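With chain A fixed as given, assemble chains B and C onto it according to the hints.
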Amino acid sequence: MEFDPGLFIGLFARTFTFWWLILPAIFLGLVVGAIPGFSAANTIIILLPMTLAMDPETGLIFMVALYASSRMGAGIPAILVNIPGTAGAAATPLDGYPMTKQGRGQQALAISFVSSVFGGLLATVITLLAMPWLSQLAFYLHSVEMIVIMLFGISLIATIAARDTLKGLIAGFFGLMIGYIGADVVYETPRGTFGFLELYDKVPLIPALVGLFAVSEAFFVIEGESILSKRGREAMQKAGWAGTIEGVRIALSKWWHIIWTSMIGLVIGVVPGAGAAIASFVAYQQSRTFSKTPELYGTGHVEGLIAPESANNGVTSGTLVPLLVIGIPGGATAAIMLVVLQYHGVTMGPDLFMDNPELAYGPFAAMAVTYFMMIFTIAPLARYMSRITVVSTIYMSPIIISFTLVGAFVPRQYMFDMYLALVFGVIGYIARKTGYHTAAILIGVILGPLLETYFLRVLKMSEGDIMVIFSSALGNVMWVALVICLATPYMLQRWRDRKAAA
Amino acid sequence: MLDDYFDELDRRRFLMGSAAALGAGILAGTPASEAFGAKFPSRNIKVYVPTRHGGGASRNLEAFTSIWKNYLGVNFQASYYPGAAGRVGYEKYMGIAKPDCYELLFGNMGPEVLNWVVKKPTFDLNAYFYFGQMDRDPGQIFVSRKSKFKHIDEIVAEGKKRTIQIGVSRLAHPATLGALALGRHTGAKFNVIPLSGGKRTRAGVATGEMDCGALPSGGIARRGKNFRILAIFDDTNPIPDKIKNAVLVNKHFGMNLPPLVAGARAFGIKRAAVEKYPDRFKILIDTMNKVYGDPAYQKVLKKTKVPMALFTKSWSREGIDKYVKDITAIGEKYKDLLTGKS
Amino acid sequence: MTDHEEQENPERKSLGGDLVLPIGAFLFTLYYFYTIIDVPRIAQVSAFFVGTILIFLLILLAVRIGREVKAGTADLRLGRLGEPRSFIPKRLALFALTLGFIFFVEWLGFTLTVFAFLSLAMLLLSGGKKKGLAFSIAGILALGGYLLFIVAFNTRFPAGPFEQLMEWLF
Chain A
1 MEFDPGLFIG
11 LFARTFTFWW
21 LILPAIFLGL
31 VVGAIPGFSA
41 ANTIIILLPM
51 TLAMDPETGL
61 IFMVALYASS
71 RMGAGIPAIL
81 VNIPGTAGAA
91 ATPLDGYPMT
101 KQGRGQQALA
111 ISFVSSVFGG
121 LLATVITLLA
131 MPWLSQLAFY
141 LHSVEMIVIM
151 LFGISLIATI
161 AARDTLKGLI
171 AGFFGLMIGY
181 IGADVVYETP
191 RGTFGFLELY
201 DKVPLIPALV
211 GLFAVSEAFF
221 VIEGESILSK
231 RGREAMQKAG
241 WAGTIEGVRI
251 ALSKWWHIIW
261 TSMIGLVIGV
271 VPGAGAAIAS
281 FVAYQQSRTF
291 SKTPELYGTG
301 HVEGLIAPES
311 ANNGVTSGTL
321 VPLLVIGIPG
331 GATAAIMLVV
341 LQYHGVTMGP
351 DLFMDNPELA
361 YGPFAAMAVT
371 YFMMIFTIAP
381 LARYMSRITV
391 VSTIYMSPII
401 ISFTLVGAFV
411 PRQYMFDMYL
421 ALVFGVIGYI
431 ARKTGYHTAA
441 ILIGVILGPL
451 LETYFLRVLK
461 MSEGDIMVIF
471 SSALGNVMWV
481 ALVICLATPY
491 MLQRWRDRKA
501 AA
Chain B
503 MLDDYFDELD
513 RRRFLMGSAA
523 ALGAGILAGT
533 PASEAFGAKF
543 PSRNIKVYVP
553 TRHGGGASRN
563 LEAFTSIWKN
573 YLGVNFQASY
583 YPGAAGRVGY
593 EKYMGIAKPD
603 CYELLFGNMG
613 PEVLNWVVKK
623 PTFDLNAYFY
633 FGQMDRDPGQ
643 IFVSRKSKFK
653 HIDEIVAEGK
663 KRTIQIGVSR
673 LAHPATLGAL
683 ALGRHTGAKF
693 NVIPLSGGKR
703 TRAGVATGEM
713 DCGALPSGGI
723 ARRGKNFRIL
733 AIFDDTNPIP
743 DKIKNAVLVN
753 KHFGMNLPPL
763 VAGARAFGIK
773 RAAVEKYPDR
783 FKILIDTMNK
793 VYGDPAYQKV
803 LKKTKVPMAL
813 FTKSWSREGI
823 DKYVKDITAI
833 GEKYKDLLTG
843 KS
Chain C
845 MTDHEEQENP
855 ERKSLGGDLV
865 LPIGAFLFTL
875 YYFYTIIDVP
885 RIAQVSAFFV
895 GTILIFLLIL
905 LAVRIGREVK
915 AGTADLRLGR
925 LGEPRSFIPK
935 RLALFALTLG
945 FIFFVEWLGF
955 TLTVFAFLSL
965 AMLLLSGGKK
975 KGLAFSIAGI
985 LALGGYLLFI
995 VAFNTRFPAG
1005 PFEQLMEWLF
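Chains as they are written, first to last, in our numbering: chain A, 1 to 502; chain B, 503 to 844; chain C, 845 to 1014.
Just so you know, these hints were derived from the structure itself, not from any lab.
Computed from a predicted structure; not experimentally measured.
For every residue, glycine included, the Cβ atom is placed at its ideal position computed from N, Cα and C.
Do not rely on the hints blindly, as some may be mistaken.
[Claimed, not checked] Covered, in the sense of this in silico footprint (three residues per stretch, anywhere, with C-beta under 8 angstroms from a C-beta of chain A), are these stretches of chain B:
#1 660-672
#2 770-783
[Stated by the list, open to error] Cβ pair distances, simulated, as ranges:
#3 Met467(A) <-> Glu777(B): 56 to 64 angstroms
#4 Phe139(A) <-> Thr896(C): 29 to 37 angstroms
#5 Ile899(C) <-> Ala473(A): 33 to 41 angstroms
#6 Lys973(C) <-> Ala481(A): 36 to 44 angstroms
#7 Ile598(B) <-> Thr896(C): 39 to 47 angstroms
#8 Ile598(B) <-> Phe290(A): 52 to 60 angstroms
#9 Glu950(C) <-> Val480(A): 48 to 56 angstroms
[Said to hold, decoys possible] Short derived list, chain B residues pointing at chain C, Cβ under 10 angstroms:
#10 Ser581
#11 Tyr582
#12 Thr841
#13 Gly842
#14 Lys843
Next up, chain A with everything else stripped away, as it sits in the complex (with noise of 0.2 angstroms):
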């Protein structure tokens, strides 16, 4: 695994020469992502035949190309109508959407596209670069540690919440409750299903998020004229191309935020299983924490926008990495990856770089020129995208609804998750009316499963003794970490209201 630059300079200017077919899959990958319910995985999966025929690697620039650019579509609706794509996206409309309704929907798709494009490509680069070191993550990430990187994304509800603290805690702990029902882990033994069987499996995540997002936006929103306030509409009417440059910008001179936000995301995605949700969640925590404007978050500030963009593009090469490390896939998308490989007689592992070193760096590569020819060929689409908002109410509600329903059956093809979604859908609508966050419930349902299967796993490890949560030394480390981070903000006020004072 040394690095070779005579390799790496043919093998990008080698992945340039497929630009007729990394085109059309940032097309597909933009509409697939921007639709709850259709990941880029279950259209590679639908795709699967034609991928089949190609040779490897074709078929693996093709479903890289369309991973990638669907990690950025689904921000596209997080950010324009309140509704995250995918479970990667939940965090993107906490200031992206704000954004929006202030008129400046172009600017934050511009935001988010220089963000998941640049957070996307070095990552990729860094994965390159580091690929000995990254791969050793996952044999030190266990479940212990993994206990601890839930609780700093769970943590983000206490900061979700900051306006009123106990209505957002309350919102978060609901989240974290409905996220446990389901058959436990380890014994299978059904909890909170009302009887239902389609909740064997937990609460899924698709109906859940459209319902929460989706169906109560669609039901909130009819009271006015479209999501914009007026200010908005006006200034949405006048925009030219000076909110996709004035987008650009603006997160160029954040360039430093990108950087680490993307770090983020890296290291998470290494992790096999952990994900964009998770890394997002924890993005969007740290750069709260460490801002000198804390108070801004969800009001639509930049920052808010740039770190789960930048964070879930960073865990697209991430994934990638056990995958062709260890043979182990991080995550769906890579998981048909490998099956996709293995048809054409690829083995994963080790031997992959030295036998085929075009092959196990070949994604890498996809991966960077696909982020580079979105530059060009998404960010000039922010200004006609962002004109979705000045559509009528009218219309747009029923749209949402009809539209994100079936999105809401697609994964598990279930009558039952459609009823579901019209189920968060009404939770939703109460807790928007009522103050409290859709965003920390949705949290808790989305990291309340992952962090009681860690615990449950390290209970039966240690055949149930709880301090099994401080039994590893990269542990205990991150445990400080995390109570430093969470003190750290109340330190910084304390010590600002001092200078204040002073």
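Below, chains B and C alone, put in the same frame as chain A:
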């Protein structure tokens, strides 16, 4: 349901029939040709699969039905009902499938009958039975290539000094039962940790969080560069060219476990359907048996990359019934460990 | 996120609406506890921990609201949850249409149900104005959705008369 309506309706009748009649037919959902007493099968066969699309069951099902359909002259339509370790799919099939031999089940018998040991389903267990077993993949114990353990005896010896963490797909699984039985027999302290599926189990073993793992053999044997199989829960080593130096548990430790076959996919059908339409079931069986000997079927199987020796070349009702009985019996024996209730 | 705007009446806040979700959460937590009474300890521990904290938080909220009501600065009317009142019938009707959409899609199939839902919902929200526009948008989207979801992505959405007809024709 209505899915197959147009398949059977020939075009001329459609054009001649009035729109009203068409509407009524669709709403009533009665397949037209059935009323005319046409030959079986006259429309597509629906298969309920209690796992996700893309897994081992769907791979095997697609391989088998791609040939079987040629003998029956109709297509197979698979519907996937994953959830609760297969429980959802079985409940759906037993709940909504019509007993007319047009609706079948396709699952992995071993892990799925163990569900019923842990918690009884809502339907009568005698109301369905399995037929047409496709594969026979025994459970085994494996370690990472980087592991210090090179022989199962070393794990057992270590297990007498400290707890050995064994990653498993889930508790109610034949491979898990094998690991538990081995621990109980040798006095080694084996702690099985369910990691929700083969993929995550392999990850747990590969990253060193688990000392070893217990899974079906096929997926591990294919990844010989990363993993080493140490012990097999069967009377023979099914793929000696891929699994080298592994012991047969019964022989090596003087135990007498039934073969703990962990991958045993087969079709299932409602008993009522067979009793009502024995002639239809006979057609299913006769055509199915031709598939096993068809060279085209062997070709399709080769494409799956699963070692060919793991696929069965024939099956018998007695064999399947015995297997189900054996797995259920050993499940009952370890019920306390599977349910966490002593 | 949608902002929770300040209450319009500066003197008395209506906090009854704020209790709807907590009451639901409370009942759900009790129900959840009931379902885990008899399960292995390992399947209880995490949920008991989170559930107990939730109940503690709910009690804090009840105390907070109780105090405000006692002090006369708030009452227990539904407040913003029921406002603006003029939209209640429209919202309930939209809810009923959504429920109908899910219910009928099993028989009518994707395309027809989407078309019916979109046109009815748009007519409802616009108060019956611009009928032509509503029907054309609904038609285009239903057909577009059919092509995208069912033809291109091969989603196994319930097939109804329209999908069957298309399959038969092509």
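Hint-by-hint comparison with the structure:
By the rule of at least three residues with a Cβ nearer than 8 angstroms to a Cβ of chain A, the coverage given for the segment 660-672 of chain B holds, with 3 such residues. With a threshold of 8 angstroms between beta carbons, the proposed coverage of the segment 770-783 of chain B by chain A is violated, since 0 of its residues qualify and at least three are required. For the hinted restraint 56 to 64 angstroms between Met467(A) and Glu777(B), the CB-CB distance of approximately 59 angstroms keeps it satisfied. In this structure the supplied range 29 to 37 angstroms holds for Phe139(A) paired with Thr896(C), their Cβ-Cβ distance being about 36 angstroms.
In this structure the hint that Ile899(C) and Ala473(A) lie 33 to 41 angstroms apart at CB holds, the actual value being about 36 angstroms. A C-beta distance of roughly 59 angstroms is found between Lys973(C) and Ala481(A), which places it outside the suggested range of 36 to 44 angstroms. Our hint of 39 to 47 angstroms for Ile598(B) and Thr896(C) holds, since their Cβ atoms are close to 40 angstroms apart. Remark: the range hint 52 to 60 angstroms for Ile598(B) to Phe290(A) is upheld by a beta-carbon distance near 55 angstroms.
Separated by about 54 angstroms at the C-beta atoms, Glu950(C) and Val480(A) satisfy the suggested range of 48 to 56 angstroms. Interface hint status for Ser581(B): upheld, as the beta-carbon distance to the closest one in chain C is roughly 7 angstroms, under 10 angstroms. The interface hint given for Tyr582(B) holds, since its Cβ lies 9 angstroms from the closest Cβ of chain C, which is under the 10 angstroms cut-off. Hint on Thr841(B) holds. Least Cβ distance to chain C is approximately 7 angstroms, under the 10 angstroms limit.
Because the closest C-beta pair between Gly842(B) and chain C is about 3 angstroms apart, less than 10 angstroms, the hint holds. Because the smallest distance between the Cβ of Lys843(B) and any Cβ of chain C comes to about 6 angstroms, under 10 angstroms, the interface hint for this residue holds.
In summary, the numbered hints that this structure violates are 2 and 6.
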